[in-house]
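Novice: All chains, please: the whole structure from these sequences, using the hints.
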Amino acid sequence: MVKVDKTILLDTCLLAGRIMIEGGSEMYRVEDTMNRIVKNAGQSDPLIFTTATGIIIGLKNQPYVQLSQVSARNIDMEKVAGVNQLSRQFAEGKITLTQMRKSLIHLDKNTPYFPLPLQVLGAAVVSATLMVIFAQQYDWLDIPLAAVAGSLGYLVNYYVGRATKIRFMSEMLGAFIVGLTALIGVRLGLGREIDNVIIGAVMPLVPGVAITNSIRDMLAGHLLSGMARGMEAILSACAIGVGIAIIFRFF
Amino acid sequence: MTYLTEFIVQFTFSYLATVAFAICINVPHKALILAGWAGAFGWMVYWLLETAGSGRMLANLLGAVAIGVCGIVFARIKKMPVIIFNIPGLVPLVPGATAYQAVRAMVLGNMDLAIQLGVRVTMVAGAIAVGFMIAQLISELSYRIRW
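Chains A and B, in that order, are what the protein sequence lines are. Mind the numbering: the first sequence is residues 1 to 251 in our numbering, read in order. Mind the numbering: the second sequence is residues 252 to 398 in our numbering, read in order.
Simulated from the structure, these hints should not be mistaken for lab results. Yeah, the Cβ is synthetic: ideal placement off N, Cα and C, and Gly gets one too. Just so you know, not all the hints are guaranteed correct.
[What the hints assert, rightly or not] Within a straight-line C-alpha distance of at most 25 Å, the following computed BS3-like cross-link-like pairs (lysine-lysine) qualify:
| # | chain 1 | residue 1 | chain 2 | residue 2 |
| --- | --- | --- | --- | --- |
| 1 | A | K109 | A | K60 |
| 2 | A | K109 | A | K94 |
| 3 | B | K281 | B | K329 |
| 4 | B | K330 | A | K94 |
| 5 | B | K281 | A | K39 |
| 6 | A | K39 | B | K330 |
| 7 | A | K165 | A | K109 |
| 8 | A | K102 | A | K39 |
| 9 | B | K329 | A | K94 |
| 10 | A | K6 | A | K165 |
| 11 | A | K102 | B | K281 |
| 12 | A | K109 | B | K330 |
| 13 | A | K102 | B | K330 |
[What the hints assert, rightly or not] A few chain A positions that, by computed beta-carbon distances, are all more than 12 Å from chain B:
| # | residue |
| --- | --- |
| 14 | N40 |
| 15 | L67 |
| 16 | R101 |
| 17 | L180 |
Specialist: Here it is in structure tokens:
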């Protein structure tokens, strides 16, 4: 077994853990991956403490401890898959620790994304199809309006999220635009049921998956992370509710 | 609308919704098609049970079990983490619409409805989480029993 620099080992572990949490992985998977990296590097007894906002890692009975902040929490599966891939390669001995660290830094900075027009098309399809599925009314006439409102809301969410660091502002403005588009569309006679259109069109924004994930974290025993993620999901649901409510209040 | 056309519409729409949402959350493109199958399969389990009159919670729970089992099988085929298939697959089941209705009722001052819907969100999310735990249990058992 090659002797590895423990500081670099811990740093790599923290990097992997942080990228996974930012990508929306469950906590047990984060801890599992970090454990595996330490074990595969030939060290035993890592001490790992993960929360949704920070990670601490140390080696038992040795003067090595590092911690890292987690400031962003999104859902980005490409990151989770990427770390998983690198961890597998490291376990098989195909890459060294330094190579892995370099690839992780690269993955963190330039995750491949789908082109924005494709994402917006995705949002439009999500809005239109989920409107039919949730409403269970088969109102085909509302589909175009829901698709337009959903894609506009997604675009606004995307650009506001890039322009400002204020949390929950992008969700609120995105929902506001969704409501406004739906209202104008219905007034112009392009759609019939404003409620169904809005429910469909906010689906790309609402944190349904985040709520479910937080409960999964809590049931797996990660109470702190579950609470933190659940709170974040509730706050963003509230932001969306406020954005829509502005429309309902004033018009 | 006949039962068969309804079935086809539900199936295709849940498939499309899952794949489209997967694009929004940046699922690796190799996994898109299988993730869509997980979502459509889970939703069909939910929809068939719900139309058969099983009630919302049982339908959600078994739908989540179906998605979880699909996710585990697909993850072994593709050698990718399970959540890549689970999270987009959840989208048709997840209580996003109810969460939105709850918050809207609250903001508009309709407190009784808001609390009622809020409790429903928690219960549905809990049912889905328990469904995933059952799926995980099934996968652990399938590891132990070698045939």
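Novice: Hint by hint, say whether it matches the structure.
Specialist: Outcome of the hint check:
| no. | hint | in the structure |
| --- | --- | --- |
| 1 | K109/A / K60/A | violated, 31 Å |
| 2 | K109/A / K94/A | holds, 23 Å |
| 3 | K281/B / K329/B | holds, 9 Å |
| 4 | K330/B / K94/A | holds, 16 Å |
| 5 | K281/B / K39/A | violated, 29 Å |
| 6 | K39/A / K330/B | holds, 20 Å |
| 7 | K165/A / K109/A | holds, 18 Å |
| 8 | K102/A / K39/A | holds, 19 Å |
| 9 | K329/B / K94/A | holds, 19 Å |
| 10 | K6/A / K165/A | violated, 35 Å |
| 11 | K102/A / K281/B | holds, 24 Å |
| 12 | K109/A / K330/B | holds, 24 Å |
| 13 | K102/A / K330/B | holds, 23 Å |
| 14 | N40 | holds, 17 Å |
| 15 | L67 | holds, 24 Å |
| 16 | R101 | holds, 20 Å |
| 17 | L180 | holds, 15 Å |
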